[in-house]
Amino acid sequence: MKRPATIGVSIALLLALTYPSFAHHSFAAEFDAKKPMKVTGAVTKLEWQNPHTWFYVDVKDDKGELTNWGFELASPNLLLRNGWTKSTLKVGDVVTVDAFQAKNGTRNANARAVTLNATGKSLLAGSSGASSNAP
Amino acid sequence: MKLFTLVAIAATIEVTEHASAQWAKVAEPGLKRTASGEVDLVGSAPMKRGKPDLSGIWLPNREPVPAQIVTVEGEIPFPHYFFNFMADLKEGDAQMRPETAAALQRKAALGGAGEPAAHCLPTGMPVLATGLLPFKVVQADSEILILYEENTVFRQIFLDGRKPVDDAEPRWLGYSSGKWEGNELVVETTGFNDRGFLDAMGHSHSDKLRLTERIRRKDAGHLETQVTLDDPTAYTKPIVYTIKSTLRPDEDLLEYFCAENEKDVQHFQ
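Quick note, the sequences are listed as chains S and P, same order. Here our numbering is used: the first residue of the first sequence is 1, the next is one more, and so on. Here our numbering is used: the first residue of the second sequence is 1, the next is one more, and so on.
Incorrect hints may appear among the rest.
To be verified - Here are the simulated lysine-lysine pairs, DSS-like style, with alpha carbons at most 27 Å apart: (1) P:K136 <-> S:K86; (2) S:K35 <-> P:K136; (3) P:K263 <-> S:K60.
Stated by the list, open to error - Below, a sample of chain S positions facing chain P; criterion: calculated Cβ distance under 10 Å: (4) F27; (5) E30; (6) W48; (7) H52; (8) W54; (9) D58.
Quick caveat, the hints were computed from the structure, so don't treat them as lab data. For each residue, glycine too, the CB sits at the ideal point set by N, CA and C.
All chains should be modelled from the sequences, with the hints used to inform the complete structure.
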């Protein structure tokens with residue numbers, strides 16, 4: 001019985017290191033950690049709703065034409081407790097977004113960090129430095 | 001003059017209400033506070049009719065996410081057992097039955113697209129109590145309610161001595177009954193369906209799962225729940241671990257209706 005035990009726990013440990021997490025859904029089901037992007041543009045729309053906040057940004061593509069990208073953030077419940085409000089990002093704000101693109105090739109991405117260009121304030125800064133019990 | 005004072009006070013209140021995006025914080029009664037008004041989290045646990053009062057809003061403790069794991073939430077720390085409920089097991093402590101291991105591999109191959117929460121279904125037990133959002137315990141004499149912010153779901157833990165349900169209609173969160181053993185609340189839960197996840201990785205359980213929670217309010221600010229998962233259909237031995245949560249005094253639960261803006265499933269490949 002020794003051998004099956006080894007196999008069982010090994011699978012668990014391997015997946016623990018490779019399987020991304022979810023709160024509402026798994027990162028891996030939708031986004032590709034190997035496809036990072038960094039873009040700047042103006043916010044066109046904000047959806048401050050569960051299970052995820054989404055905001056949309058007009059981005060100039062390679063040909064100089066504006067394309068609209070959707071960016072996913074955590075739920076408003078998490079963001080509220082992390083210092084955001086529904087007015088933190090406003091339509092017209094110019095932002096720089098670090099994100100990972102959707103696997104399916106649509107113009108959607110998961111935002112890792114958002115910087116307000118007017119002030120240079122990084123909106124997700126501070127989350128990693130939060131104490132272990134801070135919401 | 002008196003009238004003017006009243007008007008001035010009313011105006012101040014109105015401004016305060018408009019200035020706050022949610023309920024203003026109201027000090028919860030029954031908790032010992034320091035001179036500056038902070039709750040003494042390591043003071044003694046409040047009591048109610050001779051038993052520890054578990055009531056309050058609790059948030060599972062968090063720790064940094066290992067670098068290899070990418071999360072939708074970015075750098076927000078996560079509770080320890082959220083990803084893997086077997087995180088602390090050593091070789092031979094317990095093992096998945098072959099069909100449980102195969103199911104886990106199938107879920108991993110899907111990249112998590114099949115997990116219940118992604119489809120606005122309950123996350124499952126006990127992972128619900130190891131998530132990023134708080135839960136609220138409301139303690140009455142005959143039952144204890146646990147209200148989970150995630151997906152706005154609830155559990156009812158009956159304290160009236162009722163026995164486990166035979167041939168239960170399966171439930172995501174099961175049927176819970178509890179009793180006090182000294183200062184510990186011991187909760188037995190059975191009657192689960194077999195669709196819930198035990199953790200974010202997707203470890204499954206069968207409908208034979210028997211969940212025992214020994215809940216202890218260690219002090220005013222800290223709740224410890226020793227979980228024993230006994231599911232011989234899916235795992236070779238019972239698995240035991242302890243979930244630690246910290247009081248969030250003076251807070252309230254927020255709404256969370258998953259269908260409001262669910263748009264991830266359409267993006268899954």
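task = Identify whether the interface hint at W48 (chain S) stands, where standing means a beta carbon of chain P within less than 10 Å of its own.
result = OK, holds: W48 (chain S) within 10 Å of chain P, min 9 Å.
message = D58 (chain S) was flagged as interface toward chain P. Is the shortest Cβ-Cβ separation under 10 Å?
response = Nearest chain P Cβ about 19 Å off; hint violated.
task = Answer holds if the nearest beta-carbon of chain P is closer than 10 Å to that of H52 (chain S); otherwise answer violated.
result = This hint holds: H52 (chain S) lies near chain P, its Cβ roughly 7 Å from the closest one there, short of 10 Å.
query = Straight-line Cα separation of K263 (chain P) and K60 (chain S) no greater than 27 Å?
reply = 24 Å, holds
query = Would the pair K136 (chain P) and K86 (chain S) pass a check requiring their Cα atoms to be no farther apart than 27 Å?
reply = Holds, at roughly 24 Å.
ask   = Are F27 (chain S) and chain P close enough, Cβ to Cβ, to be under 10 Å, as the hint says?
value = 5 Å, holds
query = Are the Cα atoms of K35 (chain S) and K136 (chain P) separated by 27 Å or less?
reply = Violated, at about 39 Å.
Evaluation of the interface hint that places E30 (chain S) against chain P, nearest CB under 10 Å = 5 Å, holds
ask   = Can W54 (chain S) be said to touch chain P, with a Cβ gap under 10 Å?
value = 7 Å, holds
Hint compliance for this structure: hints 2 and 9 are broken, all remaining hints hold.
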